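Novice: Let's have the full structure, built from the sequences with the hints guiding it.
Residue numbers (the UniProt record's numbering): 1 to 219.
Be aware that a few hints might be false.
Under the rule of at most 25 angstroms between Cα atoms (straight-line distance), these lysine to aspartate or glutamate pairs were calculated in the DMTMM-like manner [said to hold, decoys possible]:
hint: 1; residue 1: K3; residue 2: E99
hint: 2; residue 1: K19; residue 2: D151
hint: 3; residue 1: K19; residue 2: D143
hint: 4; residue 1: K114; residue 2: E55
hint: 5; residue 1: K144; residue 2: E99
hint: 6; residue 1: K92; residue 2: E12
hint: 7; residue 1: K49; residue 2: D6
hint: 8; residue 1: K114; residue 2: E12
hint: 9; residue 1: K49; residue 2: D167
hint: 10; residue 1: K144; residue 2: E22
hint: 11; residue 1: K3; residue 2: E55
hint: 12; residue 1: K18; residue 2: E78
hint: 13; residue 1: K114; residue 2: E210
In short, the hints are calculated from the structure, not lab data. Here the structure is a predicted model, which is why all the values come from computation and not from measurement.
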Amino acid sequence: MIKLADIVNNEEINAYMKKAHEYLGHMGAIEHSYRHVEMVSANSYRILKSLGYPEREAELAAIAGYLHDLGNLVSRYEHGRIGGFILYEILKKMGMPAEEIAVIMGAVGSHEEKSGYVVSAVSAAVIIADKADVHRTRVRKFDKAAFTPRDRVNYAVEKSSLEIDSDNRIIRIRLSIDTTICPVMEYFEMFLTKMLMCRRAAAFLGCQLELIINEARLL
1 MIKLADIVNN EEINAYMKKA HEYLGHMGAI EHSYRHVEMV SANSYRILKS LGYPEREAEL
61 AAIAGYLHDL GNLVSRYEHG RIGGFILYEI LKKMGMPAEE IAVIMGAVGS HEEKSGYVVS
121 AVSAAVIIAD KADVHRTRVR KFDKAAFTPR DRVNYAVEKS SLEIDSDNRI IRIRLSIDTT
181 ICPVMEYFEM FLTKMLMCRR AAAFLGCQLE LIINEARLL
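Specialist: This is how it looks when you write it as structure tokens:
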């Protein structure tokens, strides 16, 4: 049985992840480093475990969360689908059963809001964990004049947290935003498609999504 530790210690995966992060840096894209994938992995696992899913399914969510951005090695655009294809050969070579490879491929290939769709509980957990990681530390540009709208919105977020209320089946994304950098409604407009995807993912898990910004509920 392939564990998360096996994935984390795989030399081929590590080589690809380092290059993907390097290439995105040259593009000026926001941070997709080990910090990001480790957080997405941990939160994907936490979502399913908190909601009572089996341990193995939660671990598959952790694995998919760790690997979800690997496709950036090839291209920023459609990196989810690209990553799914890259991972097929790697996971097969590592000895993962076909049924589990299919779950990982589906989750990785479906996590982008422009072309993705919630296809499984693992997929739902990865989508929520990925979209919830919004923070100014993800912005890699030093010149604020060069910020894209997405950079500015991320930079405005001073604190973010993902809360799972299993008793009431609520998944809550809580943010603290510096409104002198970005008004709350600008954040909401910029990330509306992400939040709608998170809401569909939460519904797949039998939950309601709440978005709290500066103590005001927007969803």
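Novice: All hints are to be evaluated individually against the structure, with a verdict given for each.
Specialist: Cross-check of the supplied hints:
{"no.": "1", "hint": "K3 - E99", "in the structure": "15 angstroms, holds"}
{"no.": "2", "hint": "K19 - D151", "in the structure": "22 angstroms, holds"}
{"no.": "3", "hint": "K19 - D143", "in the structure": "24 angstroms, holds"}
{"no.": "4", "hint": "K114 - E55", "in the structure": "30 angstroms, violated"}
{"no.": "5", "hint": "K144 - E99", "in the structure": "46 angstroms, violated"}
{"no.": "6", "hint": "K92 - E12", "in the structure": "13 angstroms, holds"}
{"no.": "7", "hint": "K49 - D6", "in the structure": "20 angstroms, holds"}
{"no.": "8", "hint": "K114 - E12", "in the structure": "28 angstroms, violated"}
{"no.": "9", "hint": "K49 - D167", "in the structure": "13 angstroms, holds"}
{"no.": "10", "hint": "K144 - E22", "in the structure": "21 angstroms, holds"}
{"no.": "11", "hint": "K3 - E55", "in the structure": "11 angstroms, holds"}
{"no.": "12", "hint": "K18 - E78", "in the structure": "19 angstroms, holds"}
{"no.": "13", "hint": "K114 - E210", "in the structure": "21 angstroms, holds"}
Violation of the numbered hints given earlier is confined to hints 4, 5 and 8; the remaining hints are satisfied by the structure.
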